[in-house]
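Peer 1: What follows is each chain in one-letter form.
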Amino acid sequence: MSQRQVLQVFEQYQKARTQFVQMVAELATRPQNIETLQNAGVMSLLRPLLLDVVPTIQQTAALALGRLANYNDELAEAVVKGDILPQLVYSLAEQNRFYKKAAAFVLRAVGKHSPQLAQAIVDCGALDTLVICLEDFDPGVKEAAAWALGYIARHNAELSQAVVDAGAVPLLVLCIQEPEIALKRIAASALSDISKHSPELAQTVVDAGAIAHLAQMILNPDSKLKNQVLSALSQIAKHSVDLAEMVVEAEIFPVVLTCLKDKDEYVKKNASTLIREIAKHTPELSQLIVNAGGVAAVIDCIGSCKGNIRLPGIMMLGYVAAHSENLAMAVIISKGVPQLSVCLSEEPEDHIKAAAAWALGQIGRHTPEHARAVAVTNTLPVLLSLYMSTESSEDLQVKSKKAIKNILQKCTYLPALEPFLYDAPPNILKHVVGQFSKVLPHDSKARRLFVTSGGLKKVQEIKAEPGSLLQEYINSINNCYPEEIVRYYSPGYSDTLLQRVDSYQPLTH
Amino acid sequence: MATLARLQARSKFVAQQYYFRNSVVDIFRKKEYDAAVKIQSWFRGCQVRAYIRNLHRVTTIIQKWWRSYSGRQKYQLIVKFASCAMKMNLYNAMAVRIQRRWRGYRIRKYCFNYFYLKEYLKAVSETNDAIREALEEFAEMKEREEKKADLEREEKKRDYQARKMHYLLSTKQIPGIYNSPFRKDPDPWELRLQKAKPLTYQRSKVKQKRCISLSNWLACTSARSFPRSEILPPIDRKQCQGPFRDITEVLEQRYKPLEPTLRVADPTSELKAAREEVRRQAWMRNVNDNMFLPFSSYHKNKKYIPLMHSSSKYGPNSYGSQHFRDENPKKWICDKDFQTVLPSFDLFSKYGKLYSKAGQII
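Going line by line, the protein sequences match chains A and B.
Numbering-wise, the UniProt record's numbering puts 60 at position 60 of the first sequence, and it's gapless, one number per residue.
Numbering-wise, the UniProt record's numbering puts 149 at position 149 of the second sequence, and it's gapless, one number per residue.
In short, the hints are calculated from the structure, not lab data.
Take these hints with a grain of salt, some might be off.
[To be verified] Below are the DSS-like pairs computed for lysine-lysine, each with C-alpha atoms no more than 30 Å apart in a straight line:
| no. | chain 1 | residue 1 | chain 2 | residue 2 |
| --- | --- | --- | --- | --- |
| 1 | A | K196 | B | K238 |
| 2 | B | K156 | B | K142 |
| 3 | B | K147 | A | K263 |
Start from the sequences, fold in the hints, and give me the full structure.
Peer 2: Shown next, in the form of structure tokens:
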């Protein structure tokens, strides 16, 4: 009898513990409860339960801890300060897969908040055990371990280097080949976080043979997986020409272009980021993209989305056009300029407008043909208004000014230049008048048009210091016309005529 | 003496005359002297002039010849240079012609080939159009697939609902709710209900695990546990970095084949299988399948009429002849009855697996 009673006491206690830990784990899923839990001192209560004899209580306690640490970084710091991590790491190596999943979840939740917390995790030797977990046969455990490693490596290059030194990269590449979609996603995201910091880390990832598998997964229909894969490839390709060439050699073109037509906005964004990172290195890579029809796909993609999603595509066009005039001409014939001017006028955000202005400047700066193609779409007045408006940010003003200057220095399309005579500030007016002075001496039709449209009148009204460049230009324009016409249009001519009328004495016969 | 006298008489005269003549001559002397001087100077002058004229003439001739000579030299030089210059100009002009042609050719062919650029841009725009078409098709295909998937899902849902609501079908007596008599045509749900097969009552039974025989336990190990890649890793791959065991060791331990005990390894239907075997042997040997009746019942070919207590409406109850326990199949968890199982001896399973060599024949 007494034995049973004694055992009953123990059973009740176990039941109470189990219930407590399960309720805490459930409450921790709701953010509004967590403050209350924290004030009630849940951390100190959960800590001994991690060492409980019953495995279920251990696992649930670990799960609850993970959810709490996930919520904000104070709780995560409390986890670190409470010396819970070494115990977790030690038992990670020994326990069953549910515990491993829960412990890896705790490590992930702690490591995601700041580099110091992630460093604390690395310092207690968690990386080795996480890497051993990556070899486990249960895909849930692998996923949790890969997630934790990814969050640790995300913060800075030293932490990424620590993760790589623990030997995680080959195992992550193996994880990518597993059939479970969730595991592939997490492994791809971890590789992306590792390779984004420096070229050496990206080279390590490439040496493990990741590119071929990532390139195969572009065809997968799951859109979150595509996001991660494209982001991983773009983080690899962005560092140097060799890495970008290796990514291209994996035959991602023209498959990547189908991703530009995906329903998910972020897949489009990541795909255009990848193409941008490849295009920006050398003219040969840009040429490759142009030859594969990438420019047309990117332009269509820009047309079909709005806001920040467009930004990488716009920058990609700018980079391609910046390399050489043939590539800029290729962008022009793919109907890129109307699309870019639409972006410039209808986007509300300044940084996207600045990118569009920069891209247009790169397209139009090469030869008069290019400048004409840009000027014909009536973007120059828009650029001028952006430059002059007080609401534009400094970056936008600087970029639009540079774009206007670059285009104007090559523009010989006079109908687009004429509006500039009227409302341009003096530093831009100089270039406009300079262009007129270059074109007018040789073209008689243009001269006629210049006079009839009132341009000559406006030029006379410009006040310039004698000896300055502007005055020289004005003089060379005036030299194209007979003197009477110049005098006719000079300001105050009607007044001088009237004065002559006043002072004329008619001959009295 | 006469002469002397004459001379002396004349001496005065002579002196006079002498003076007179001297003075007169003096007067004329200057004149004559001047005249003589003039004449002489004129003559000398003429002489000198003639001489000088001669000299001039001669000098002129010499100078003429010298000048013509030197002029001719200069002229030859000039002609030489002029002809050189003309030749050089000609060569220059010809060289310029050649260079002009060559430079034009070189720029057009190697540095900036306008026609090649035009072709290239045309090819690029054609590729662009092709890609745009292909992408449009791809997007359309995706949309169609999605729509199809949506439609199928809807169909399945409606089907399931129709199966659940099959009792709302209209009968001959009572029109169902979807078949109101005031309607011209029955509601489409009515037709769907007609086509639907009613759901069977799912007995709560334990999910049947697929019966895996123990011999291919290895085959049933989950596909997830063994990483499969299409390309095999190279043979001389170096060890992965980290605290890993040797891969062969690990695989050996992980995929150690099961060594079941005798009790587990024996199939439980052994007794039944043995009975079947005996029956089969007997059937093989039999000539005639009919039961061999004893002679005493040869004439008794009446059908046996069972007791009413032990028969049911549809024939004799199997209770009492085929099974002797009260059974209630509706209460069974799974749809099989208890089996008679004779376990094998545990003793024999330890044979050969103990460390001690007691009892072994040496």
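Peer 1: The structure should be examined with respect to each hint, and the outcome stated for every one.
Peer 2: Each hint, compared with the structure:
1. K196/A x K238/B: Holds. K196/A to K238/B sits at ~26 Å (cutoff 30 Å).
2. K156/B x K142/B: 21 Å, holds
3. K147/B x K263/A: It holds: about 13 Å lies between the C-alpha atoms, which stays within 30 Å.
Taken one by one, the earlier hints all hold for this structure without exception.
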